[in-house]
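First to last, the protein sequences are chains A and B.
So in numbering that gives the first Met the number 0, the last spot in the first sequence is 151, and the numbers never skip.
So in numbering that gives the first Met the number 0, the last spot in the second sequence is 151, and the numbers never skip.
Since copy identity is lost for identical chains, a pair holds within one copy or between any two.
Calculated lysine-lysine pairs in the DSSO-like style (CA-CA distance at most 30 Å, straight line):
(1) K140 x K74
(2) K107 x K140
(3) K147 x K102
(4) K74 x K49
(5) K147 x K107
I should point out that these hints are in silico values taken from the structure, not numbers from a laboratory.
Source: prediction; values computed, not measured.
2 protein chains.
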Amino acid sequence: MEIKLRPIGVVHSPFKTNEDIETERFADPQGFDSVEGDLEIFEEYEAGLKDTEGFSHLIIIFAFHESEGYRLHTKPFLDDQLRGLFSTRSPNRPNPIGLTVVKVVERKGNRLRVKGIDMIEGTPILEIKPYTPRDQKPSIKFGWLEDKMKKK
Amino acid sequence: MEIKLRPIGVVHSPFKTNEDIETERFADPQGFDSVEGDLEIFEEYEAGLKDTEGFSHLIIIFAFHESEGYRLHTKPFLDDQLRGLFSTRSPNRPNPIGLTVVKVVERKGNRLRVKGIDMIEGTPILEIKPYTPRDQKPSIKFGWLEDKMKKK
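Chain A with its partners taken away, still in its complex shape (with noise of 0.2 Å):
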């Protein structure tokens, strides 16, 4: 069985590079939540647009473009342990789709200007869903994680 996927748009970000983001993250894993860019869906799509103006966020699935392979244990950038590739965001995944979280800046017809950008120029875009009460979960353990954000 296999699923196939048209890309919907494409991200407009400040980030050109895998590496450009990596600073970021190493500069500021939460600093990501400043930085703004351009979501360009394409015009056939525009008309599904309407009324996300309404929603403060909304939920971005994309396609890690430049993944290559993966491991099912890897180290993420902020461990020093292998963990399991379930657990972790890394971008080499058996599936290379990413997910993010973005703030609606404004809407202006086939462009949505967000906040919260962490993918790079050129991403193509593959869904859009509004985020909802029953995507907040006020209390969480986030395991391997929790340690390593405590330490910093």
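Keeping the supplied structure of chain A fixed, place chain B upon it in accordance with the hints.
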């Protein structure tokens, strides 16, 4: 450009048909939080589940495998007006992929017992990611859905 994905596992759910899901939704939109099910990850990917049990919540990306076609303006189940598709969580989308945040109950080998299932039996799982502090947005606006939830 086409992105090809392969299922990494399959959902085992008390919901056997889409009608079962709709019945639950009408009875209590928040009711899914207590619905338990299993995520069976294919054995070849089991090693990647290491460390997931340290996280209270996981993001599951799955295929809406019974989805057929889509309309860019659609009437959500809670609403009586046409809304832009990307402001809804309708299963009928250009790229028919869904997303649910589930709560981890326990892991036994390649099976994760979780709460918060709103998929039907046999749903193909495409991706598992840890739910991290960056996915928490405590203060949100949620557009047309906000009015509908207040009225209930």
